[in-house]
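Asker: For the protein sequence lines, the chains are A and B, in the order given.
FYI, numbering that gives the first Met the number 0 numbers position 352 of the first sequence as 351, with every residue one higher than the one before it.
FYI, numbering that gives the first Met the number 0 numbers position 150 of the second sequence as 149, with every residue one higher than the one before it.
Some hints could be false.
Result set (SDA-like, lysine to any residue): computed pairs, CA atoms no more than 20 Å apart in a straight line [what the hints assert, rightly or not]:
| hint | chain 1 | residue 1 | chain 2 | residue 2 |
| --- | --- | --- | --- | --- |
| 1 | B | Lys29 | A | Val382 |
| 2 | B | Lys29 | A | Thr66 |
| 3 | A | Lys305 | A | Tyr295 |
| 4 | B | Lys29 | A | Pro381 |
Footprint (simulated), chain A over chain B, 3 or more residues, beta carbon under 8 Å [as the list claims (entries may be wrong)]:
| hint | segment |
| --- | --- |
| 5 | 18-32 |
| 6 | 143-151 |
Derived by calculation from the structure, the hints in this document are not laboratory data.
Because the structure is a prediction, the values reported are computed rather than measured.
Using N, Cα and C, we set each Cβ at its ideal position, and we do this for glycine too.
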Amino acid sequence: MKKFNTITVLIAIGAVLTYLSFASCGGGTGGTQPLGAGSPGKVTTKLSPDLPFDVTLPPPPQRVLETTVRRAFDLFSWDSFIAISWPTDTSQVIGQHGDNPTLWETWKKNYQVFLDSGQAPGAWDLTTQSKEVNLSQTGKTPPNMTAIFQPFLTGPLIDQNGQYNRFEIAMNQEMFEYIDQHKLYNIQGQQGFTDTVKFPEGDNTKKVWGAIMVKASWKILGKGDDTSRFHKIKATIHVPALPSRGIKDSTYEAWVGLVGFHIGTKTVTSPQWIWSTFEQVDNVPVYGKVVKGKHYNYYNEAAGDKALNKAPAQPWNPAIPNQIPSQVMRLTPIDTGTQALNDSIHKMLVMINPHNVWQYYELVGTQWPVNPTQSNTGNPFPVYMANATLETYDQGFIQAGKIVYSPGVTSSCIGCHNASVTWGGRPSDFTYLLKTAKPIKK
Amino acid sequence: MMTLDEFVALSSALTGYPASTLLPARDTQKVAAALYAELSLSTNNIPAAQLDQLTQVWNSISGTPPPQLEAAVNTNIIQNLAITRLAQNIIYLWYFGIWYDLTKNPNSFLPLKNIDHVVSPLAYTNGLVWGEMGAHPMGFSVGEFGYWANVPTLPVIS
Numbered sequence: 000m001k002k003f004n005t006i007t008v009l010i011a012i013g014a015v016l017t018y019l020s021f022a023s024c025g026g027g028t029g030g031t032q033p034l035g036a037g038s039p040g041k042v043t044t045k046l047s048p049d050l051p052f053d054v055t056l057p058p059p060p061q062r063v064l065e066t067t068v069r070r071a072f073d074l075f076s077w078d079s080f081i082a083i084s085w086p087t088d089t090s091q092v093i094g095q096h097g098d099n100p101t102l103w104e105t106w107k108k109n110y111q112v113f114l115d116s117g118q119a120p121g122a123w124d125l126t127t128q129s130k131e132v133n134l135s136q137t138g139k140t141p142p143n144m145t146a147i148f149q150p151f152l153t154g155p156l157i158d159q160n161g162q163y164n165r166f167e168i169a170m171n172q173e174m175f176e177y178i179d180q181h182k183l184y185n186i187q188g189q190q191g192f193t194d195t196v197k198f199p200e201g202d203n204t205k206k207v208w209g210a211i212m213v214k215a216s217w218k219i220l221g222k223g224d225d226t227s228r229f230h231k232i233k234a235t236i237h238v239p240a241l242p243s244r245g246i247k248d249s250t251y252e253a254w255v256g257l258v259g260f261h262i263g264t265k266t267v268t269s270p271q272w273i274w275s276t277f278e279q280v281d282n283v284p285v286y287g288k289v290v291k292g293k294h295y296n297y298y299n300e301a302a303g304d305k306a307l308n309k310a311p312a313q314p315w316n317p318a319i320p321n322q323i324p325s326q327v328m329r330l331t332p333i334d335t336g337t338q339a340l341n342d343s344i345h346k347m348l349v350m351i352n353p354h355n356v357w358q359y360y361e362l363v364g365t366q367w368p369v370n371p372t373q374s375n376t377g378n379p380f381p382v383y384m385a386n387a388t389l390e391t392y393d394q395g396f397i398q399a400g401k402i403v404y405s406p407g408v409t410s411s412c413i414g415c416h417n418a419s420v421t422w423g424g425r426p427s428d429f430t431y432l433l434k435t436a437k438p439i440k441k
Numbered sequence: 000m001m002t003l004d005e006f007v008a009l010s011s012a013l014t015g016y017p018a019s020t021l022l023p024a025r026d027t028q029k030v031a032a033a034l035y036a037e038l039s040l041s042t043n044n045i046p047a048a049q050l051d052q053l054t055q056v057w058n059s060i061s062g063t064p065p066p067q068l069e070a071a072v073n074t075n076i077i078q079n080l081a082i083t084r085l086a087q088n089i090i091y092l093w094y095f096g097i098w099y100d101l102t103k104n105p106n107s108f109l110p111l112k113n114i115d116h117v118v119s120p121l122a123y124t125n126g127l128v129w130g131e132m133g134a135h136p137m138g139f140s141v142g143e144f145g146y147w148a149n150v151p152t153l154p155v156i157s
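Bound-form chain B, shown alone (with noise of 0.2 Å):
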């Protein structure tokens, strides 16, 4: 089974976004922890042959010197038809806040599955899509009353 800390690590890895953005020291929202809890709910039906492939490689490529890492994740994760999907689901989770169907076609536009579910509010609304739109999830926002007025900023990626 995967830990929380190489969750967070592979997460990074495959995000784009530095571990301590994911996992912050002062941690008041719980996304990390909400996230990788899906890594262990049965009705998500993860293949654990799969989780384990995916724990294999990420460990045998992590200490891969940062240059290096973003062709290594490629090649051995992004390529890799056996853990792919799982890898495509985590940054799914990041992005979206939203666990989606592993059996399912990416690449498809037809409706949710009753598989597929947003995780929590919080792991939604701090999706980190909202950030890369430089915008906000509906209903919810942190601006200043008027930010509407302004040009969006768009965070700059370390």
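Pulled out of the complex, with its shape left as it was, chain A reads as follows (with noise of 0.2 Å):
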């Protein structure tokens, strides 16, 4: 990964913004102008493409899980975001243009990886690694673990013109030259791997990044999007065959918006890895809450409440037609102090541009583990936390109108990674993408 200086961008015109003042209080935007208003001058922002490579939390004495610390975490996460959602052209600020070409896109996909020949992967190059875009994942887990992920509700998500999500992984730098350094891209190499998985860590101390993984969820944009309000790519959208309904596989071109990310990042305060989740902010309502009038990307008011956060019956391909959209809603609300923080860095994006793509992106959650050595969890907070695109059935249960979650069903990102495990039967430090690995093609 390119190691970026610390770097103040000046864009327009205003006054200086202080991060504290931001990070504490959720403002101090007052007083700047955005560029579109075309005024000459300079105006500070303290969003940057600088990575942080670890959480920096309050001192002890300041430390209150549910707010202090908790903000410390979201600001963790919207810095993440921001630093890899930035321009690849690091000249250039985020949603200068309205849109960008971000710096995670140049990351090596999780295909780009786990190879089907089960060779060796290619070596880092951020030039070749962003020109291929082939989203034929139609579920959150990778194509050859959704037979096992199927009973547990992972199924389709189907948007409101019928559809169906697309999703991709991707890798830093850090990550990937570990699988590739202990040869952990095939089913023989995890097999011979007698050691114990341990990605690298992010470290404040020693000013390194450790291992992130993201996540993306897309919808292919049409019909009643507003397609101003989304990170936007072409891709290559595939078509897996269905030989029961005459469905061939095939592939074919399309825009597609950027509506759902996850990032998982490994670092030396959070070993069982800090994961923040993002959405569109156009996705879904939350119960009990919709907005009449508005187009959701995910919910349709007139469609009833019936089939409420429920999987699509089988069987599942994008290509049946007539597909009945998911009828989703977002069961726990964003945290009030969460969405403070979220409105606070939206009124920045807009500073920068008032068509900035990235104010249209809310933080839903972070969740780090509390008490790392407690347990091979490390106690996570929260308890729960769900992307309504990528844990969209797994949210929790309504039962007599109120909302049901049971440990171990209801969604925990580090509840469900700690299950994770290499094709050597070990653990496989939280990730499930050691398990895409193919056998050696002879």
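Please assemble the complex out of the two chains, which come individually in their own frames, going by the hints.
Answerer: As structure tokens, then:
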């Protein structure tokens, strides 16, 4: 990964923003004018491409789990999101021209690391990695794991146009190099690996980054979508064959918009990783709080709630005609402190450009291990966390109008990833990616 | 009415676990609050006089130095027929995450009555009994993959 220097980006006119005031009160953007105003002069924004190494906690006396500590982790999440969504041309500013190609899109995709041939992947090369966007996953988990996870309610997410969501997974250079150096990119390599899988940890003291993996959820843009509110790319869409319905394997190109995003970051303070999750703001309403007349990506007020948060009936294939859209609500509202931070950062993004697409993404939450040494899962907080586009059907249950959460069933990033394992039958350090490896083809 | 702090202190004396374990400073699970709420749940039919008496007795002995506290709890609460069932129920709450009907014969193995209930999923998975056994509740474990092949470890209660 390219190591950025701490930079201050000068973009338009206005006052200096102090990061501390922004961090502590969730404000501080007053007095600036947007880039689009065309006024000469300078403004300083603290939004930057500096990717944090680890969370920075407040001093111990000021640590309160649900407020100050949560704020520290939420700031880590936003700093990470901004940094890896920054333009690859770092002389530019995030969203300066509305949308931009991002740093994370130059990272290695899972299919570029775990090759079908089982051979060693190509070297880390930002110039070639970004040229290929092949969206073949129609579920959160990679195809070879789908059979395992179907009983746990994982199923396709279908938008209001009847289109399946598509998913992709990418990793940073630190994570890739660990896999590459230890030959974990194929099944035989993992079976021969007798050590403990331990990905590198981000460390504020050493100023080194740890392993980072991202999971993106995309919708195919179409009727009813305001494309100015999405980070979008042109991608190759894969349709898997379904012989029983006469559907052949095929591909086509389409514009897709980012609707969900996970960032998993391994750090010294959080060996169970820090789990940050973002969504596009138009995805779904909060349970019981539908905004009348609003267009949601995955909710239709007229459709009723009979199938609320329920996976569609099988068979699952995106080419089956007349698919019924998913009817989804967010069961756990975004924490009020997290929402205040979202509002503050949205203001800063608007300052850069009123048409900045990144203002339409919100942090849903951050999960971290509160007591990393207490158990293998480290006492995660919040206990449950779900992205409406990635853990759609695992958010909890509604019984008699009340939301019920169930340990081991309701979505918890750390709780679920704790069960990940290599092809050698060993814990895989909280990532299921290694299980997507293939055998070496002779 | 017993306060949350009184409930946690009494629970510590009844279960043998430190108050800081039952109600940790960084409380992610909110189990103590959920269990405490059972005391004011009208459907549990706890006689107010019994709860008041338990609170008064506990407050009268709570200042007893630790070496003698166990004996004081035994004499004044466990051996006190007027309040022992309620104290027993509090122990059940912490160990099983279940509220049992106060009128039920504690030695009966008859099926649960309608009033018996699991307080919450987290109260159940955080039940002290699992750690005591070196086990975990059915369907939920925080162990590393393959833990089942290792000898269980038991907690050390200070």
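Asker: Now look at each hint and say whether the structure bears it out.
Answerer: So, going through the hints one by one against the coordinates:
The hinted pair formed by Lys29(B) and Val382(A) meets the criterion: a straight-line CA distance of about 10 Å does not exceed 20 Å. In summary, the hint linking Lys29(B) to Thr66(A) is supported, as the alpha carbons are separated by about 16 Å, within the 20 Å threshold. For the hint linking Lys305(A) to Tyr295(A), the alpha-carbon distance of about 17 Å falls within 20 Å, and the restraint holds. For the hint pairing Lys29(B) with Pro381(A), the CA-to-CA distance comes to about 11 Å; that is within 20 Å, so the pair holds.
Only residues whose beta carbon comes within less than 8 Å of a beta carbon in chain A count, and the segment 18-32 of chain B has 4; three or more means the coverage holds. Coverage of the segment 143-151 of chain B by chain A holds [criterion: at least 3 residues with CB-CB distance below 8 Å; count 4].
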